[in-house]
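Using the sequences and the accompanying hints, generate a full structural model.
There are 2 protein chains.
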Amino acid sequence: MLRPAMSQAVAPFPVVDHQRVVFPDGLALDCGAVVRPLVVAYRTYGTLNADRSNAVLVCHALTGDQYVAETHPVTGRPGWWESVVGPGRPIDTDRFFVVCANVLGGCMGSTGPREEMTDAEGRGLGRPWGTDFPLVTIRDMVRAQKRLVDHLGIARLLCVVGGSMGGMQVLEWAAEYPDAVFAAAPIATAAHHSAQNIAFHEVGRAAIHADPDWAGGRYWETGRVPAQGLSVARMVAHITYLSEQALTRKFGRRLRGASALTFLEDVFEVESYLRHQGSTFVRRFDANSYLTITRAMDYFDLAAEHGGELANAFRGTRTRFFVASFSSDWLFPTSESRALVRALNAAAANVSFVEITSDKGHDAFLLDEPDFHRALGGFLRGAAERVGV
Amino acid sequence: MLRPAMSQAVAPFPVVDHQRVVFPDGLALDCGAVVRPLVVAYRTYGTLNADRSNAVLVCHALTGDQYVAETHPVTGRPGWWESVVGPGRPIDTDRFFVVCANVLGGCMGSTGPREEMTDAEGRGLGRPWGTDFPLVTIRDMVRAQKRLVDHLGIARLLCVVGGSMGGMQVLEWAAEYPDAVFAAAPIATAAHHSAQNIAFHEVGRAAIHADPDWAGGRYWETGRVPAQGLSVARMVAHITYLSEQALTRKFGRRLRGASALTFLEDVFEVESYLRHQGSTFVRRFDANSYLTITRAMDYFDLAAEHGGELANAFRGTRTRFFVASFSSDWLFPTSESRALVRALNAAAANVSFVEITSDKGHDAFLLDEPDFHRALGGFLRGAAERVGV
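So the protein lines, in turn, are chains A and B.
Under UniProt numbering, read the first sequence as residues 1 to 389, first letter to last.
Under UniProt numbering, read the second sequence as residues 1 to 389, first letter to last.
Heads up, a few of these hints could be off.
Note that identical chains are pooled: a pair holds if it fits in a single copy or bridges any two copies.
[Said to hold, decoys possible] Derived SDA-like pairs (lysine to any residue); straight-line CA-CA distance at most 20 Å:
(1) Lys250 / Asp301
(2) Lys250 / Ala304
(3) Lys250 / Met117
(4) Lys250 / Tyr273
(5) Lys146 / Pro24
(6) Lys146 / Arg386
(7) Lys146 / Val22
(8) Lys250 / Arg52
By construction, these hints were calculated from the structure, which means they are not laboratory data.
Next comes the structure, spelled out in structure tokens:
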């Protein structure tokens, strides 16, 4: 019954050479700290046109990264949104210049817990930030992206688009930089994180904290990573990404072996699947980043940032909004999108809303959902025509 | 950021002197093993009448026990169903003789992983069963209860009642011993465990397995219990017991302190609550029992036991059924109760069904729900009148 050891060697710093831009003056965060320098790792797809009017910023979700539409450098698997971003896809890279940045606090090259800690003057301290990395907010993530977008010479984004935590960033973009966002597509998201979502995140964090290999966050000193804790965190999160229908359709109560009445692990197919999800995740994701980013999501409350009234976040906006939810998503249910649409209506914003019928749960925004792809593609083409791209 | 150590001293065997009955011949289990002797710890409330016709068997849920309507000997807290069982309560102990047994595989005195392991002749081996305890099923639990009921001289129970896993036992009683069950009240339950429910259980088991203090299940040798792993298991389970509405009403996004942007733990009240739930649970519950009982629930599939057709489990039954669900229960949703009612109808059984409107989630069956209490009390009084109690 002993679990196989899941410890893995870990280099003190990442070995992948990500494309990055360094801002030596750093970034002042909501919590009062300054990270200096600010490093933003990013990828682009397609070509920026002459008047720089065809840029689409894609914002990634909790465990996503900047490798949207190409083979992932760590896992070797396809990009996480290749069904949506690429030549002839809804976000057509033959027409649009697509940018995606690893979020601040992430673990794929942007400033975050796994990168080298710096002092107030920006000097490297020879060890990772780890849990000394300051608390970041969704707004901080968006501020870092704004620096990148400015660096690329783009005054106005044709569209900012993202699902889940990516959608939170879209909303923050529209609220903070309305003149820089012609169109915004927050998908399968909400204007705040619910008590239930906070609770599920807390379970994941507790599992990481409980892993002795976490070592108070200083696991680079031991050469081991908290693989079991991070794996449990991923397992519970993964359940919330799927619908009950999707789990039942995929696995039902199917057994892995012929004999049911054994006490082996992974008796049911769904268990084996979850364990696989957990164990593959730890190969690509940093536990301290997971703690940092889940906290950022938990803190997100756009209404609270605007005097307690969500509509205030969008007063006077000229941005066009496309809000989409999925009928079986219980993590970010349609009711959250409706609340967002009501606030946008109250702010007299230009908004279209669609609930996509799907039994795939929250994950639907990442999967093959033709109705969603048609709706998003149509919205983007309409925006492009209006701008003259 | 280091979590405080949660290790606790643990005696090799429990110290509470539970009321028990010992069956020296033991019990043959579905898995083929025999546990010998079989010990059933139980409590009774009220008085058995002269013709032994007023007995109500209460079946407890995953983390419940036999202390239904009295102060718990370990926690010192009220019994888990005092709102339902007691003088003048829906299950009126002035009128009925109430019996509740700790389930086989449990940790409150019945044969289970925390009790002393025995050999084939029933001789004690001087150490707990631990993970050598054989796999048990819901049907095995019910067989053990049947031995107790026979021992008490009760040929027919007026009613078998229970919620959640208790409801699974009710269904198994009605299917296995129809002539011994005049009335059956399966509440907030289902005739099988769903893929999503299996998945949540698997997260809990993975968290226990991941705790080094679990020590391959032999934690009595170290004097420590896998408190952190069991606590994480309890936390995730607890989320599933509550509705999103209940969590939001109880906690919303309220912060524990004045300042939001700190990186302390338990920033939100919901986190503090969950951690408290986890840490109090480990004081009263055995991790190996948790593994054993969750597995029993996962395996439960009454239709599969009856040729794949749920109605077959109840063909020819004369038992009266009272099926109840709660509108915001997403762990055992109303759709599962409806499927059960359809099967009972197909078997021409006498069945009444009620969905109680409640925003308290799965936990509602344990809480103050007057409509539920009235319905259950009415059903039981009707059965009693028919029997002439």
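Against the structure, the hints come out as follows:
1. Lys250 / Asp301: between (34 Å within a copy, 18 Å between copies)
2. Lys250 / Ala304: between (39 Å within a copy, 19 Å between copies)
3. Lys250 / Met117: This pair counts as neither: shortest intra-copy Cα distance 43 Å, inter-copy 39 Å.
4. Lys250 / Tyr273: Within one copy, since 10 Å is at most 20 Å while 34 Å is not.
5. Lys146 / Pro24: For Lys146 and Pro24, only the intra-copy Cα distance (15 Å) is at most 20 Å; the inter-copy one is 75 Å.
6. Lys146 / Arg386: neither (23 Å within a copy, 75 Å between copies)
7. Lys146 / Val22: Answer is within: at 13 Å inside a copy they meet the 20 Å cutoff, but 72 Å across does not.
8. Lys250 / Arg52: Neither way: Lys250 and Arg52 sit 44 Å apart in one copy and 49 Å across, limit 20 Å.
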